[in-house]
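First to last, the sequence lines map onto chains A and B. Each residue of the first sequence is one higher than the one before, counting from 1 in my numbering. Each residue of the second sequence is one higher than the one before, counting from 1 in my numbering.
The set of hints was computed from the structure by calculation and includes no laboratory data.
Derived DSSO-like pairs (lysine-lysine); straight-line CA-CA distance at most 27 Å:
| no. | chain 1 | residue 1 | chain 2 | residue 2 |
| --- | --- | --- | --- | --- |
| 1 | A | 281 | B | 281 |
| 2 | A | 24 | B | 281 |
| 3 | A | 281 | B | 24 |
Fair warning: this is a prediction, and the values are worked out from it, not measured in the lab.
Here are the chains, one letter per residue:
2 protein chains.
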Amino acid sequence: MTNPSPDMIERMPTREGVLRAAGKMAQLLPQTPLLALDLPDGGIVWCKAETLQPVGAFKIRGAWHRLTDLSEDERARGVVAVSSGNHAQGVAWAARRLGIAATIVMPNDAPQVKLAATRTLGAQIVLYDRPGGEDRDSVATQLVGQSGATLVHAYGDPWVIEGQGSAGIELEAQMECLAEGGPTRVVTPCGGGGLTAGLALALPDAEIVPVEPEGWDDVARSLASGTIQRVARDAPRTACDALQTPATFPINFAVMSGRGLEGLSVTEAEVRAAQRYAFSKLRLVVEPGGAAGLAALLAGKVAADGRTVVILSGGNVDPATFAAIIAET
Amino acid sequence: MTNPSPDMIERMPTREGVLRAAGKMAQLLPQTPLLALDLPDGGIVWCKAETLQPVGAFKIRGAWHRLTDLSEDERARGVVAVSSGNHAQGVAWAARRLGIAATIVMPNDAPQVKLAATRTLGAQIVLYDRPGGEDRDSVATQLVGQSGATLVHAYGDPWVIEGQGSAGIELEAQMECLAEGGPTRVVTPCGGGGLTAGLALALPDAEIVPVEPEGWDDVARSLASGTIQRVARDAPRTACDALQTPATFPINFAVMSGRGLEGLSVTEAEVRAAQRYAFSKLRLVVEPGGAAGLAALLAGKVAADGRTVVILSGGNVDPATFAAIIAET
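Please put together the full structure from these sequences, using the hints given.
The structure is reproduced here in structure tokens:
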């Protein structure tokens, strides 16, 4: 079996896998920078600018680790992914580089910039009706059944988790160099928990803090209750399209709860304030979902102790949307 | 004499000085990333993201090299700089770090974001009436006469030129690592010619292409005519505040013309298109003047041969200004 699902998990992700993924990434791409950011209270936080990856998000890590581990036979049958855009671009980028056919199932309300970029990378796009409640996983399952392609899940996949965790290996080495010691705390945007679980494996000695939009804090509630919780059907609208996942998967939950993580949530206004802060202080374009971790820090919901790192996880945002956010005062 | 002027040059900048400045920068700050950017014609250009320096511009380099070479006595008397904002922040940043008092002469129409940032860095600001035609150099000369402070000129200073050139040493090493060979061509925004002259010293084997806004192409005209030309009194308005310099200085001109450089100019619309391209493809905030080099490449005024580097020199822009630019289609 190569297609993990909540019911059929072929293996658990491991720290060894994370280290192997980090080795692959070191061969593939330069490290994204770790930038020092002064906070309004006089403190400092270290920002891992995953917005500067070739596809504008960390998702390239998990996709690369997954696709490079496929057999020749699996590569020939292609891959299928489901994504609002960043995972889509990560898989399309890796597939093009490896000569693998990629089909991406995307919501019809995804940001135009993400749809266009995924097409430019040569992937075939199949739209599903997210506002209308169509089930994306059933669309993907049907595609996989037709073609024998491998489903590369956006977060519920051991390779994907390990790949995302390579960001943790990188930032630890950068902290050792820049701040003479590893991170004590890593604050990260959290959707389905792929990056969060990867960081938890990568950094056993650091506190990992997943941050979700208000009303989409299923991971925080799952960790607090001890069982996987789903987002409510009447969840509020959020600008954080990258974090709109209905529920985490068992392998992600097992890793996160095994480390005893606790989650936080941030408001839409706090997210916008963080985007403005990153614009003016770091000159970085950060999408709403990518700024959730920084939002928690700026709102004082988690402390920066001088050895705290925040992941700026993505920067793919429509120009008009971003213009409206930074012009707001 | 520690205050160079067009008539009194104490020494010429040297490649040895550039290498010494690069050594200091390597001790001070991590390298800014060199990012691969796909061009619309299918080519690639390497972008040196100086927007990610702590003050959002390369100016920190020249200021650091200059201030760290001051004697104890000179440090005690403080420094004076004249700048629309980026050099101001570079000098203020370096001065604060070294415990030196800094006074900055800034135009009263400088971007608010640059005025505020310079104040935050602890510098004293003296405004002059740029739209009214007040001579900034006479304001600075008066301040220097009163205090015995050292004038750190924004470009007409051998240390400043050498310091800016450290960006060239850095990007050459990064190109060797990422592209297995040095740059053949470096395209750079050009105001007074500090960065351009520094790059010319740093990279004797690469073609250096300075780019200015239309109507502010005094360096291009100077290089073409063989003598220093000034910007016309009725020069058109430009959004590139960082490149609004009336004329280059003899030491800059000597280095640039000695290498046989030729300059280019770009329109305001080409600059805005480049800012939008950097926003969507690199997720970087680039100010108008910082995008002039990229504008020349996107407009087809200079070719990218696969080993071409463009400097994204600064990213300090008022939010409302940037919002209007990226929302434009």
